[in-house]
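*Asks:* Listed below are the residues making up each chain.
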Amino acid sequence: MADPTTARAPRRSLGKTILQYKYFYLMVLPILVWYALFSYGPMYGVTLAFKTFNYGKGILGSPWTGLDNFKTLLTDPEFRTAFFNTIVISVMKLVIHFPMPIVLAIVLYEFSRNKARRFFQTILTFPHFISWVVLAGIVMNILSKDGIYNQIAMLFGADPSSPLVDERAFRPILYITHVWREIGWDSIIYLAALAGINPELFEAAEVDGAGRFRRLLSIAWPGIKSTVSVLLILHVGQMLTQGASFEQIFNLYSSPVYSVADTIDTYIYRTSFTVGGDFGYMTAVGVVKSVISLVLLWAANTFAKRMGEQGLY
Amino acid sequence: MSASAAAAKKKWSPFDIGAFIVLGLLAVITFFPFYNVLIVSVAKFEAISKSDFYILPLSFDLTAYKLLLEDTKFWTSFLNSVIVTAAGVAFSMAISVAGAYALSKRGMPGRNAMLSLILFTMFFNGGLIPFYLIVKDLGLVNNLLVMIVPAGLNTFYLIIMKNYFGGIPESLEESAKLDGANDLYILYKIILPISAPFMATFALFYAVERWNEWWYALIFISDASKAPLQIYLRETLITSNSMLSLMAQTLAEQRQSAKVYAPALQMAAIVVSSLPIIAVYPFLQKHFDKGIMVGSIKG
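Residue numbers (UniProt numbering), protein chains in the order written: chain D, 1 to 313; chain E, 1 to 299.
Derived from the structure by calculation, the hints contain no laboratory data. Keep in mind that this is a model prediction, so the values were computed, not measured. Think of the CB as a built atom: it goes at the ideal place given N, C-alpha and C, for glycine as much as any other residue. Be aware that one or more of the hints could be misleading.
Unchecked claim - For the chain E half of the interface with chain D, some residues (derived, Cβ under 7 Å), not all of them:
id	residue
1	Pro-109
2	Pro-130
3	Leu-237
Said to hold, decoys possible - EDC-like mimics (lysine to aspartate or glutamate), calculated; alpha carbons at most 20 Å apart, straight line:
id	chain 1	residue 1	chain 2	residue 2
4	E	Lys-11	D	Glu-110
5	D	Lys-22	E	Glu-174
6	E	Lys-286	D	Glu-182
7	D	Lys-22	E	Glu-170
8	E	Lys-136	D	Asp-278
9	E	Lys-73	E	Asp-223
10	D	Lys-115	E	Asp-16
11	E	Lys-11	D	Glu-203
12	E	Lys-44	E	Asp-61
13	D	Lys-16	E	Glu-174
14	D	Lys-22	E	Asp-179
15	E	Lys-11	D	Glu-206
16	D	Lys-57	D	Asp-278
17	D	Lys-22	E	Glu-173
18	D	Lys-71	D	Asp-278
19	E	Lys-226	E	Glu-209
20	E	Lys-105	E	Glu-173
21	E	Lys-44	D	Asp-146
22	D	Lys-225	D	Glu-110
23	D	Lys-145	D	Glu-167
24	E	Lys-105	E	Glu-174
25	D	Lys-225	D	Glu-200
26	D	Lys-57	E	Asp-137
To be verified - If you want the footprint, here are the derived chain D segments under chain E, 3+ residues with CB under 8 Å:
id	segment
27	126–133
28	284–298
Given these sequences and hints, build the entire structure.
*Replies:* The following block contains the structure:
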């Protein structure tokens with residue numbers, strides 16, 4: 001975030017400049033308070049991971065226990081399962097879902113019927129605006145014992161089954177429903193990037209006899225490559241939170257599939273709010289997740305820069 | 001090429017036909033579940049149980065809707081969601097517009113530090129438990145405000161808005177300043193009116209978020225009279241521990257001839273709760289291709 005314009009203001013005292021911007025400070029104050037309370041407050045609360053939480057004494061007054069909570073983590077089988085599932089589900093979602101909106105955007109861009117294209121875009125973006133609660137309700141209805149899925153399966157002679165409680169089927173359901181909800185929405189940003197490419201480049205290539213594939217490879221792809229790289233870094237950085245989407249999994253899963261679907265977030269929620277788990281320990285679980293996310297982000301950014309792409313920072 | 005008007009008059013190329021088929025299939029797969037919701041919600045129980053494939057709307061019965069609208073819990077949660085959405089959008093827009101506008105001022109001392117602190121929150125957070133304790137200390141448990149205030153700022157939207165304001169020519173503000181207007185007045189009287197369509201888009205995004213709100217309610221609201229619509233839906237659709245399922249059962253016993261099928265009730269609940277989104281959807285859609293997202297990733 002280099003800022004060349006700061007140099008524009010000629011020699012004037014800092015105090016005067018601040019006074020000149022007084023209304024802007026007033027405007028920015030509410031969000032600063034908001035971030036202090038709801039983002040940085042909990043970050044301070046991370047100290048709880050090194051304490052044994054005592055309800056009466058609060059975060060400040062609870063006694064320190066050093067690394068005890070983190071030591072427990074290493075031997076907790078439920079944490080291990082949740083950790084492993086989080087990694088598998090987020091990585092698989094990234095691998096399966098990430099390229100799809102790019103392909104969709106390119107197909108939509110190359111598709112020359114404008115009205116039909118807008119129609120498809122409208123339909124494909126729609127599920128993004130429906131909550132996971134409702135989508136999960138729909139998915140359950142379709143996959144239920146007498147739902148449409150089993151009706152079709154029975155037509156082919158299969159026995160009726162409940163895929164949502166099947167350990168082998170549950171993760172694929174997560175991947176498919178994720179693509180269903182987000183493919184259209186995620187493609188918008190690539191469509192915007194494609195729309196930003198100078199059309200003359202395409203026309204010139206056509207005159208030079210480049211086929212559709214050649215134009216795609218030599219003009220469209222270089223035109224969206226930086227967008228793809230920035231988004232990939234963002235996705236990797238938020239992989240453990242967005243990738244292992246709490247809202248999606250929490251609304252779809254049930255105890256028979258905990259072994260393949262319980263993620264760090266659902267584990268924290270389940271033990272803290274339904275069983276009454278140890279808050280200090282559960283904070284430590286959350287800290288591990290946040291730190292791994294940060295490392296992933298840093299790694300992805302460094303990697304992108306090595307590859308000659310523009311990074312996030 | 002794709003976007004030019006001349007191309008639209010051209011014949012269908014083999015690529016177009018192929019793309020049409022692929023996109024068509026994708027659209028059918030995407031939309032079918034919603035279509036299914038609609039036809040099941042208005043179906044008679046006999047029609048669904050008799051036919052293996054209930055794909056065409058072969059019967060029409062509004063009993064499920066009638067039952068749903070008679071449920072007082074439905075109306076309580078519906079009203080809560082309306083309040084949260086209205087107040088939430090007002091709150092979210094007020095603080096994000098003011099904040100984004102101020103942050104777009106390049107000369108403001110401390111701006112870069114503020115931006116870095118804000119961006120950092122997108123990648124690191126304290127986790128659920130410390131967040132829960134802070135919200136609890138603020139007295140927001142079982143309070144509708146929990147779905148309005150802590151939920152009320154989307155960093156992603158804030159950055160897009162900041163980039164948008166940064167793109168407005170400064171000369172516009174300078175002339176007003178010469179006339180003696182202060183910065184608050186300029187934002188309110190000059191910047192906001194010219195940005196109305198842009199503002200409307202974000203107000204709608206925030207509105208959809210608040211309408212779909214259930215996470216804060218799940219964690220902080222245990223009082224049923226404060227629950228939003230999505231929690232009601234969760235009970236009806238997922239945990240099946242609502243009055244609705246019970247009502248469906250009793251009604252089925254009472255009227256052997258016109259049994260109401262529980263899924264019809266569930267699907268009716270989905271339809272009614274999604275109506276507001278379907279109503280604003282054309283407006284949301286209108287602003288998609290305007291490229292507002294492009295600016296979002298250039299820090």
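*Asks:* Evaluate each hint against the coordinates.
*Replies:* Here's how the hints hold up against the structure:
Because the closest C-beta pair between Pro-109(E) and chain D is about 6 Å apart, less than 7 Å, the hint holds. Because the closest C-beta pair between Pro-130(E) and chain D is about 2 Å apart, less than 7 Å, the hint holds. For Leu-237(E), the interface hint holds, since its Cβ comes within 7 Å of a Cβ in chain D; the closest pair sits about 3 Å apart. Distance hint between Lys-11(E) and Glu-110(D) is fulfilled; the C-alpha atoms sit about 14 Å from each other, no more than 20 Å.
At roughly 16 Å between alpha-carbon atoms, Lys-22(D) and Glu-174(E) fall within 20 Å of each other, so this suggested pair holds. Distance hint between Lys-286(E) and Glu-182(D) is fulfilled; the C-alpha atoms sit about 18 Å from each other, no more than 20 Å. With a C-alpha separation of about 18 Å, the suggested pair Lys-22(D) and Glu-170(E) falls inside the 20 Å cut-off, and the hint holds. This hinted pair checks out: Lys-136(E) and Asp-278(D) have alpha carbons roughly 17 Å apart, not beyond 20 Å.
Among the hinted pairs, Lys-73(E) with Asp-223(E) is consistent with the structure: their alpha-carbon atoms are about 12 Å apart, no more than 20 Å. Using a Cα cut-off of 20 Å, the hinted pair Lys-115(D) and Asp-16(E) holds, with the two alpha carbons roughly 13 Å apart. With a C-alpha separation of about 18 Å, the suggested pair Lys-11(E) and Glu-203(D) falls inside the 20 Å cut-off, and the hint holds. Note on Lys-44(E) and Asp-61(E): the hinted pairing holds, with a Cα-Cα distance of about 6 Å set against a maximum of 20 Å.
Of the pairs offered as hints, the one joining Lys-16(D) and Glu-174(E) holds, with about 18 Å between alpha carbons and a cut-off of 20 Å not exceeded. A hinted pair counts as satisfied when its Cα atoms are at most 20 Å apart, and Lys-22(D) with Asp-179(E) qualifies at roughly 18 Å. Restraint check for Lys-11(E) and Glu-206(D): satisfied, since their Cα atoms lie roughly 18 Å apart, inside the 20 Å limit. Between Lys-57(D) and Asp-278(D), the direct Cα distance comes to roughly 15 Å. Compliance with the 20 Å bound is thereby established for this hinted pair.
With a C-alpha separation of about 16 Å, the suggested pair Lys-22(D) and Glu-173(E) falls inside the 20 Å cut-off, and the hint holds. About 14 Å separates the Cα atoms of Lys-71(D) and Asp-278(D), which keeps this hinted pair within 20 Å; it holds. Restraint check for Lys-226(E) and Glu-209(E): the C-alpha separation of about 18 Å stays at or below 20 Å, so the hint holds. Restraint check for Lys-105(E) and Glu-173(E): satisfied, since their Cα atoms lie roughly 12 Å apart, inside the 20 Å limit.
About 15 Å separates the Cα atoms of Lys-44(E) and Asp-146(D), which keeps this hinted pair within 20 Å; it holds. The hinted pair formed by Lys-225(D) and Glu-110(D) meets the criterion: a straight-line CA distance of about 17 Å does not exceed 20 Å. For the given pair, Lys-145(D) sits about 17 Å from Glu-167(D) by alpha-carbon distance, which is consistent with the 20 Å threshold. Our distance criterion of 20 Å between C-alpha atoms is met by Lys-105(E) and Glu-174(E), whose separation comes to about 13 Å.
With a CA separation close to 19 Å, the supplied pair Lys-225(D) and Glu-200(D) stays within the 20 Å bound. For a cut-off of 20 Å, the pair hint linking Lys-57(D) to Asp-137(E) stands: about 12 Å separates their Cα positions. Look at the segment 126–133 of chain D against chain E: 6 of its residues bring a Cβ nearer than 8 Å to a Cβ of that chain, three or more, so the hint holds. Using a Cβ-Cβ cut-off of 8 Å, 8 residues of the segment 284–298 of chain D lie near chain E, which meets the minimum of three, so the contact claim holds.
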